[in-house]
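**Q** Modelling step: build the complete structure from the supplied sequences, incorporating the hints.
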Amino acid sequence: MKRIKPLNRKPLSEKILYNCISVLFAVVAFSYIYILVWTFISSMKTHTEIVMNPFSLPEEWHWEHFVEMFSVFKVNGHGFFSMLFNSIWFSVGGALLMHLTSVSFAYVSTKYTFPGSRWVYTIVLIMMTLPVYGSQGAMYRLLRTLGLVDSYLHIVISISGFTSAYLYYHAFFKNLSWSYAEAAMMDGANDFQIFFRVMLPQSKPIFTALFLTTWLTAWNNYESPLVYLPNLPTLPVGIYQFDRMMMFEARLDILFAACLVVSIPALIIFIIFNKTLTTSLSIGGIKG
Amino acid sequence: MKRFTRVLALVLSCCMCVSMLACGSEGGSSNGSGKSGSGDREEIKVAYWLSGLGEQWLSDLAAAFEEKQDKYTINYITSPTATALTSAFGMEDMDETDLYFSLNIGFREYMEPLDSLLESTADGDTKPLKEKFNAKYLEFEKADDGHYYTLTYGGGMINLYYNKDLMEQAGITQLPRTSDELTVLCDNLSSQGIVPICHFKGGGYYEFLMRLYMAQYDGLDYYLNNWITCTDEAGNSPSKDVLTKKDGRYYALKAMEKFLTPDYTLPGSTTQTHTEIQTMFLNKSAAMMINGSWIENEMKASKGQYNIATMKLPVISAIVNTLDTVKSDALLRSVVTAVDQVSDGEKTAADFASGDGYMIDGTLISASDWTRIYEARNMIQGNYAKESAFVPKYSAQKEGALEFLKFMYSDAGYQIYAQATKCPLPMNLSGGSIDMSEMSDTQISQFELINKDISFVDLTSARESLIYLIGGASLMASINYVDKFCAANADDRMSADDVWALMVKTVEENYENNWLLNIEVKKEK
Chain A
11 MKRIKPLNRK
21 PLSEKILYNC
31 ISVLFAVVAF
41 SYIYILVWTF
51 ISSMKTHTEI
61 VMNPFSLPEE
71 WHWEHFVEMF
81 SVFKVNGHGF
91 FSMLFNSIWF
101 SVGGALLMHL
111 TSVSFAYVST
121 KYTFPGSRWV
131 YTIVLIMMTL
141 PVYGSQGAMY
151 RLLRTLGLVD
161 SYLHIVISIS
171 GFTSAYLYYH
181 AFFKNLSWSY
191 AEAAMMDGAN
201 DFQIFFRVML
211 PQSKPIFTAL
221 FLTTWLTAWN
231 NYESPLVYLP
241 NLPTLPVGIY
251 QFDRMMMFEA
261 RLDILFAACL
271 VVSIPALIIF
281 IIFNKTLTTS
291 LSIGGIKG
Chain B
171 MKRFTRVLAL
181 VLSCCMCVSM
191 LACGSEGGSS
201 NGSGKSGSGD
211 REEIKVAYWL
221 SGLGEQWLSD
231 LAAAFEEKQD
241 KYTINYITSP
251 TATALTSAFG
261 MEDMDETDLY
271 FSLNIGFREY
281 MEPLDSLLES
291 TADGDTKPLK
301 EKFNAKYLEF
311 EKADDGHYYT
321 LTYGGGMINL
331 YYNKDLMEQA
341 GITQLPRTSD
351 ELTVLCDNLS
361 SQGIVPICHF
371 KGGGYYEFLM
381 RLYMAQYDGL
391 DYYLNNWITC
401 TDEAGNSPSK
411 DVLTKKDGRY
421 YALKAMEKFL
431 TPDYTLPGST
441 TQTHTEIQTM
451 FLNKSAAMMI
461 NGSWIENEMK
471 ASKGQYNIAT
481 MKLPVISAIV
491 NTLDTVKSDA
501 LLRSVVTAVD
511 QVSDGEKTAA
521 DFASGDGYMI
531 DGTLISASDW
541 TRIYEARNMI
551 QGNYAKESAF
561 VPKYSAQKEG
571 ALEFLKFMYS
581 DAGYQIYAQA
591 TKCPLPMNLS
601 GGSIDMSEMS
611 DTQISQFELI
621 NKDISFVDLT
631 SARESLIYLI
641 GGASLMASIN
651 YVDKFCAANA
661 DDRMSADDVW
671 ALMVKTVEEN
681 YENNWLLNIE
691 VKKEK
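So the protein lines, in turn, are chains A and B.
Here the first sequence is numbered in our numbering, starting from 11 and rising by one per residue.
Here the second sequence is numbered in our numbering, starting from 171 and rising by one per residue.
No more than 30 Å apart at the CA atoms, straight line, and that leaves these computed lysine-lysine pairs for DSS-like:
1) B:K556 <-> A:K84
2) A:K84 <-> B:K241
3) B:K334 <-> B:K454
4) A:K84 <-> B:K238
5) B:K470 <-> A:K84
6) B:K371 <-> A:K84
No wet-lab data here; the hints were simulated from the structure.
**A** Rendered as structure tokens:
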């Protein structure tokens, strides 16, 4: 009996290529996982073991480093939980403020006509292409004068519609039919109700995806807080400062324990929202 | 999924609450003692570069100072990044710091002179602070206008640390007295399978050795008045001739290339951080390491049991080029032994005196040679002037900041400092002695060294020329000669002569085109 050949059988060259790519991806994925595992194992060793035998298993598993970390990991009197609060405040709060203003700004500038509304998109584009190098000195001076350095109010600088997120929201609302709003209007909804109850909920996937990417960037950012919030350190600043301190103190074990604990929130969020992130993001942009 | 989201929200809320509670417990105080600047006390804002000394000394001193008087309270912030800490220094309207403990960044036009502080006598002391400090150290702090703007709060003395067990294992009984003898020791250790020496990436602490050798060869007077100020014999400053002159640096390079080889150096020395290499050294991966008084304090958290000791850095063998009657390394070693006996009080110089000179191992050496070798052997390399306390001229609490410094340098303050850091400052008490009951032998040896007739070769000085400070010039034109000597790949390795030629070329290329221009540009700013 003659065997029937599968119709879409891949040629050998293609198979090899796919396998190579898979192996490559697996290696990259493994390297990320390996770093986490290595960090965990290192946090279980003593400082001397980490230096003398960086790739060995611990002679004794020092779980107590995770407890000790909470008392040793301190920057300017701020302990772990204090830095955690600062991180949540500035990353979650900042990202939320930024996206709420961007989404509102994009909605208004695409769906309403007012003097200059046609130019908004161009202005945002121009502002985004302007070089900002060398402006940090002036920015520092300005924020200091406004009392926004070393202050929880520093979060207000996140309120800005002129961001890259605006471009995404602009594209989204431009393609969103106005007939939803018209239907709501017929039901007696006012402008605010239309935005908050009809249009904004429709942007939930793109809003969530953009919010998460912004939050992740803010969560890991240590440069801006280092300059503008020296007395309100966030966790990344804490890790950075602690890493610097390790130049003068032999506690790599605590450093690795702190690194691991700090990476957990981002990992959890990624695991939970990984579907939202990957399904909302597509090649070339963000799906609505 | 909904249930999961609720649980997550609950967990995050709990996290937030705990964090807020944690914030509340700090009470807005940034000092280690937990005291806030409350009540009617005036607050002195201190910025401290968190280095190997740790934070304990400042916390203890602040608490004792607050206890002692009721006018001021100390509130300090720390940073392990000195540049970040001092970024606002000089900006009168931005900088709220009253007292810095950080790397000396120059710009004394913004610093309050400390002359009156030095002339004053602290409560409980019997002599003015100026008399308590080592006179040679103060030379490095004295600016060219004759005033003092900075005083040390840290740093330490640089020595050759060694693992006693490894030395014993190799049967070493005589510690190296000259640079050539150090090379012989390295050869001996290496032949017995012991790694002789280690350093860390970026050149280790060899710049200290280079400066010491330079000062030994050229004399402290040349180092302080010509090299530091970049002044040539005609009195021109800055002068390119000073930077390219074949001085002690060249002979230091020649001495270093003999033992700074991949054969004698611990693998990883050019790539690993100093904490990592120190850990390896303390765990006997190598026999010797150039390091500072701070090493034990820095490594105490690693909780290891170490058996280390310290020796003075050896005298550069090439010094014989500048001597009349000491022409061999063997004789130089004998003279150094005699000098050590005199320094340690075992003998007096008169015991060796013979006619106009000194009789050493049956050879008559001139008095001037004895003096040169005595000076060279008793030069201690330090970095005290690099780690400075300074008060901004525009500080709102100048008086309080100076009061705190006065307390810190008082006998009572120095005791607190010494107990916390186990490192000596270049000063002595006006009466009594430091309590060394909780110190290791190595730490005690450092305090004892301060009491001897020593002179300092500091890493920096208030008289440092602008060509170094802001121009961009440096000891060896930023060439990492240590890596060039120790390069694992033979093709990348360079000899001392090659390094010297490269340094001269770099100076020629940059002196007018960059370094002088940098000074002009920054002066205009």
